[in-house]
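Undergrad: Residue numbers (our numbering), protein chains in the order written: chain Y, 1 to 178; chain H, 179 to 305.
Calculated from the structure, these hints are not laboratory results.
Please note that the accuracy of each hint is not assured.
As the list claims (entries may be wrong) - Some chain Y residues well away from chain H (every beta-carbon gap over 12 Å; in silico):
#: 1; residue: A22
#: 2; residue: H53
#: 3; residue: G59
#: 4; residue: G70
#: 5; residue: F136
Stated by the list, open to error - No more than 25 Å apart at the CA atoms, straight line, and that leaves these computed lysine-lysine pairs for BS3-like:
#: 6; chain 1: Y; residue 1: K154; chain 2: H; residue 2: K214
#: 7; chain 1: H; residue 1: K225; chain 2: H; residue 2: K214
#: 8; chain 1: Y; residue 1: K126; chain 2: H; residue 2: K225
#: 9; chain 1: Y; residue 1: K126; chain 2: Y; residue 2: K38
#: 10; chain 1: Y; residue 1: K126; chain 2: H; residue 2: K288
#: 11; chain 1: H; residue 1: K290; chain 2: H; residue 2: K277
#: 12; chain 1: Y; residue 1: K38; chain 2: H; residue 2: K277
#: 13; chain 1: Y; residue 1: K126; chain 2: H; residue 2: K277
#: 14; chain 1: H; residue 1: K228; chain 2: Y; residue 2: K154
Unchecked claim - Partial list, derived from the structure: chain Y residues whose beta carbon lies under 7 Å from chain H:
#: 15; residue: A13
#: 16; residue: A30
#: 17; residue: E35
#: 18; residue: H39
#: 19; residue: P43
#: 20; residue: P44
#: 21; residue: W74
#: 22; residue: V107
#: 23; residue: T109
#: 24; residue: V145
#: 25; residue: S147
#: 26; residue: G152
#: 27; residue: M153
#: 28; residue: M155
Idealized CB from N, CA, C, for every residue including glycine.
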Amino acid sequence: MAPSVSTANSATAFVFSRTFDASREDVWNAFTQPEHLKHWWGPPGSSIEIARHELKPGGMFHYRMNFPDGRAMWARFIFREIAAPERLVWLNGFSDEHGGLTRNPWVPTFPLETLNTVTLAEQDDKTLLTITSVPFNASDEEARVFSGGINGMKMGFGASFKVLADYLTLTKHKGENV
Amino acid sequence: MQDQLSATFSALADPTRRAILARLALGETSVTELAKPFEMSMPAVSKHLKVLERAGLISRGREAQWRPCRLDAGPLKDAAGWMEEYRRFWEQSLDRLDKYLREREAARTKSKTNGSGKKSSKTKSKE
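Generate the whole structure from the sequences, applying the supplied hints.
TA: What follows is the structure, given as structure tokens:
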């Protein structure tokens, strides 16, 4: 499949921000120190075990996510830029237990790694955290899949299409008689 | 062969196709109607519709001469679910971070008020 109208994939970024009622140092430490990370990092419902955490350029944060149903998955960061307390850049990906990169298990054509940047800005007594995620070294197809997922989400397809899809499933049989 | 989620996201990568889907979310319509908002030839629109159809996101009716386009629920639902998960991953991670930071701050304030807090120079006084 070679769509002729593939547009501006490189411009697609996932951006997310949040303000914390905490000092920038505290947020930075929570993001960069293993004893803090294990208290909050990881998918909803999971706990993490940290196998490796080397906070230096090229260093790896390698961890296992344990899910309530007994499943486990590994993932890793490779740190690229560490500018305390305002900017952290890392390559984000799934991995095996030895730290080797693996594909996204749900979307195999998702980019193997994304380049994630966290910036922390002081706002009075609070801290504004912004995460930006872009595909790293992605093939055209991987960039397209990322772009479709992220842009679809930005348009609210995630939430609203879920509702719509439920509705369509519900009304499908009736619709066929019309 | 692509898996379904990859095919769906790949199809969603194009802004015209996203706009077509957003239009179809309002209800089925004809290709002519779909083409109206775009400065695009009918063959160009048909091409986008083919991509969407191949990805299983839309179907074309056979019951009428004008072959209405409509959304197909299944693959879209899976894709929507994944997108929601992705967003929720970040949202809930940062919720937990927020909670964790508050707990630490509370613990620090407590240890300070319990005396022996002489050297907590970094603690912000809030009230």
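Undergrad: Compare the structure with each hint and give your call.
TA: Results of checking the hints against the structure:
| no. | hint | verdict |
| --- | --- | --- |
| 1 | A22 | 4 Å, violated |
| 2 | H53 | 17 Å, holds |
| 3 | G59 | 21 Å, holds |
| 4 | G70 | 19 Å, holds |
| 5 | F136 | 17 Å, holds |
| 6 | Y:K154 to H:K214 | 24 Å, holds |
| 7 | H:K225 to H:K214 | 15 Å, holds |
| 8 | Y:K126 to H:K225 | 50 Å, violated |
| 9 | Y:K126 to Y:K38 | 23 Å, holds |
| 10 | Y:K126 to H:K288 | 20 Å, holds |
| 11 | H:K290 to H:K277 | 20 Å, holds |
| 12 | Y:K38 to H:K277 | 13 Å, holds |
| 13 | Y:K126 to H:K277 | 14 Å, holds |
| 14 | H:K228 to Y:K154 | 24 Å, holds |
| 15 | A13 | 13 Å, violated |
| 16 | A30 | 6 Å, holds |
| 17 | E35 | 11 Å, violated |
| 18 | H39 | 5 Å, holds |
| 19 | P43 | 6 Å, holds |
| 20 | P44 | 4 Å, holds |
| 21 | W74 | 16 Å, violated |
| 22 | V107 | 5 Å, holds |
| 23 | T109 | 4 Å, holds |
| 24 | V145 | 4 Å, holds |
| 25 | S147 | 4 Å, holds |
| 26 | G152 | 4 Å, holds |
| 27 | M153 | 4 Å, holds |
| 28 | M155 | 6 Å, holds |
Consistency with the previously given hints fails for numbers 1, 8, 15, 17, 21, ordered from lowest to highest.
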